[in-house]
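Asker: Protein chains in written order, with the numbering used here: chain E, 1 to 259; chain S, 260 to 442.
Hints may contain errors.
Estimated spans, in silico, between C-beta atoms of each pair [to be verified]:
| hint | chain 1 | residue 1 | chain 2 | residue 2 | range |
| --- | --- | --- | --- | --- | --- |
| 1 | S | 315 | E | 241 | 31 to 37 Å |
| 2 | S | 339 | E | 237 | 55 to 61 Å |
| 3 | S | 269 | E | 125 | 53 to 59 Å |
| 4 | E | 37 | S | 325 | 42 to 48 Å |
Partial list, derived from the structure: chain E residues whose beta carbon lies under 7 Å from chain S [what the hints assert, rightly or not]:
| hint | residue |
| --- | --- |
| 5 | 34 |
| 6 | 46 |
| 7 | 164 |
| 8 | 182 |
| 9 | 191 |
| 10 | 198 |
| 11 | 204 |
| 12 | 211 |
| 13 | 215 |
| 14 | 227 |
I should point out that these hints are in silico values taken from the structure, not numbers from a laboratory. Here a beta-carbon is modelled for each residue, glycine too, at the ideal position from N, C-alpha and C.
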Amino acid sequence: MSRAPQRSLGEILDELCLRPPGRDAYSNTELAKLVRDLGGSITPGYLSLLRTSVRDNPTLEVLEYLAAVIDVSPAVFVGGRCERRGDEWPRRTFSKKLSRLFAVVYPAEHGPWTPEDAAAAITARATYGPISPSYIRELLAPPAGTLPNPRLKHVLGLAEQFGLSQDGSPHAAYFLDDDLAAVIDAELADFVALRSAGVVEFVTRLAQHATAWRPELRQQVVQAFTQAIDRGETDWVFRAPGERRRLHDPPPGRKGTET
Amino acid sequence: MSSTDRRQEELRDWAVERLGVHLDGGYQDACRRVLALMAEVLDAEVVVRFIAIRSPELTGGTAKHVDGSYIVYCARSGSWYHRFGVLLHELAHRLLGHPPVELTSREGLRRFLPHLPDTMITLIAGRTDLADDDERDAEELADSILERLTDPAPHPRQAGLADLPAHLQRVADALEDYGREAP
Numbered sequence: 001m002s003r004a005p006q007r008s009l010g011e012i013l014d015e016l017c018l019r020p021p022g023r024d025a026y027s028n029t030e031l032a033k034l035v036r037d038l039g040g041s042i043t044p045g046y047l048s049l050l051r052t053s054v055r056d057n058p059t060l061e062v063l064e065y066l067a068a069v070i071d072v073s074p075a076v077f078v079g080g081r082c083e084r085r086g087d088e089w090p091r092r093t094f095s096k097k098l099s100r101l102f103a104v105v106y107p108a109e110h111g112p113w114t115p116e117d118a119a120a121a122i123t124a125r126a127t128y129g130p131i132s133p134s135y136i137r138e139l140l141a142p143p144a145g146t147l148p149n150p151r152l153k154h155v156l157g158l159a160e161q162f163g164l165s166q167d168g169s170p171h172a173a174y175f176l177d178d179d180l181a182a183v184i185d186a187e188l189a190d191f192v193a194l195r196s197a198g199v200v201e202f203v204t205r206l207a208q209h210a211t212a213w214r215p216e217l218r219q220q221v222v223q224a225f226t227q228a229i230d231r232g233e234t235d236w237v238f239r240a241p242g243e244r245r246r247l248h249d250p251p252p253g254r255k256g257t258e259t
Numbered sequence: 260m261s262s263t264d265r266r267q268e269e270l271r272d273w274a275v276e277r278l279g280v281h282l283d284g285g286y287q288d289a290c291r292r293v294l295a296l297m298a299e300v301l302d303a304e305v306v307v308r309f310i311a312i313r314s315p316e317l318t319g320g321t322a323k324h325v326d327g328s329y330i331v332y333c334a335r336s337g338s339w340y341h342r343f344g345v346l347l348h349e350l351a352h353r354l355l356g357h358p359p360v361e362l363t364s365r366e367g368l369r370r371f372l373p374h375l376p377d378t379m380i381t382l383i384a385g386r387t388d389l390a391d392d393d394e395r396d397a398e399e400l401a402d403s404i405l406e407r408l409t410d411p412a413p414h415p416r417q418a419g420l421a422d423l424p425a426h427l428q429r430v431a432d433a434l435e436d437y438g439r440e441a442p
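Please put together the full structure from these sequences, using the hints given.
Answerer: Okay, here's the thing in structure tokens:
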């Protein structure tokens, strides 16, 4: 089933300005003033260019302030959640999220990507324009006392690199939605725990219902296996019979194997 | 009798014979026999760890390690009979050939990590085919083996069949022994 095409930033912002939650429409002048009152910086002219999609690559800081004034989640600008839940300033968690993705999400046969790998891949795809390795390093570790402030296309390019960007899906909002990020991070943490413990496959009761597992149950499964594997003492060890063994009497329906 | 039932019976009889469990050795010894058979079936080293498990839903599990060995965890129950049942269930999964949740294939990871986007899953990869029927079959086979090993009553197939061929009569006698020797 094909997904609905994602709306552009301009379409989303224009819709929010015309029909903001709980009040009358914003003019560009009023919205710019409210952003400035909150501490941000934006002109009515730039807002007009964004709403008409003449410009489409604002900084994350601009999106933060617009979301705060309109009282929506910043994630809404990339197709994510609209409802604002308390303070949402995603620049504060951006570097931590990006670091986690670099540490955890990579092809098994390749190993973790370096900023050079990611920059080369994002630039080569050209979906969201180029990005440099040094800029990715700065996003991972911004200068002391500053917050990263990537432009939207950099955010989307990084999301695509780590498999978070799908047409019509809200996953690109990972960087702008801490609640969504927490859900994804919890599952990634469980995956990493099993991968780090050396588990390549498992069977357990209720496994057929794994999709519906509560996060707590999934964590308990992971803990059970990692506890069993990590424990220093070995309780019982059973080895397959020696080299001369032949399963001359294998389970019905299976061929015997010689080892 | 359906082909599934017939297969379960064949597997049960095969397992009972290969286990050779004499319960006068107690259920702890029976647990060892189950795991030794599991190592034989898997043709790999099997390490067993009895651990504290809070959830009654997760009393046992088997994981394949990247080094090729298997780790079976079993709830550290005070009852060896309970542990025996848990371990039989793990053996039953293997005898029935239930496919495991594979952390190296897309389908497995998609089920285990349902909120990750497909493109991310593709990056880290996963597969599983465990179905409801698999779980039920494993439970039924485990129960069936346990019942055959512990039920003191003559099995209907054995009763009144004095003219059985000698090799079948030996099986019938052996199964009656299991019942008599159950602690």
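Asker: Indicate, hint by hint, whether the structure satisfies it.
Answerer: For each hint, the structure was consulted:
Take residue 315/S and residue 241/E: their Cβ atoms lie about 35 Å apart, and the range 31 to 37 Å holds. One distance hint, 55 to 61 Å for the beta-carbon pair residue 339/S and residue 237/E, is violated here, with the actual separation near 19 Å. A C-beta distance of roughly 55 Å is found between residue 269/S and residue 125/E, which places it inside the suggested range of 53 to 59 Å. Checking the proposed 42 to 48 Å range against residue 37/E and residue 325/S shows it is violated: the Cβ atoms sit about 57 Å from each other.
Using the Cβ-Cβ criterion of 7 Å, the hint placing residue 34/E at the interface with chain S is not satisfied: the shortest such distance is roughly 34 Å. Checking residue 46/E against chain S: minimum C-beta separation of about 32 Å lies over 7 Å; hint violated. Restraint check, residue 164/E versus chain S: the minimum CB separation of about 6 Å is within 7 Å; hint holds. Using the Cβ-Cβ criterion of 7 Å, the hint placing residue 182/E at the interface with chain S is not satisfied: the shortest such distance is roughly 10 Å.
With its C-beta approaching chain S no nearer than about 6 Å, residue 191/E sits inside the 7 Å limit, and its interface hint holds. Interface hint status for residue 198/E: upheld, as the beta-carbon distance to the closest one in chain S is roughly 4 Å, under 7 Å. Here the hint on residue 204/E is kept, as its CB sits about 3 Å from the closest CB of chain S, short of 7 Å. Using the Cβ-Cβ criterion of 7 Å, the hint placing residue 211/E at the interface with chain S is satisfied: the shortest such distance is roughly 5 Å.
At a threshold of 7 Å, the smallest CB-CB gap from residue 215/E to chain S is about 9 Å, leaving the interface hint violated. Residue-level restraint check for residue 227/E holds (minimum Cβ-Cβ distance to chain S is 5 Å; threshold 7 Å).
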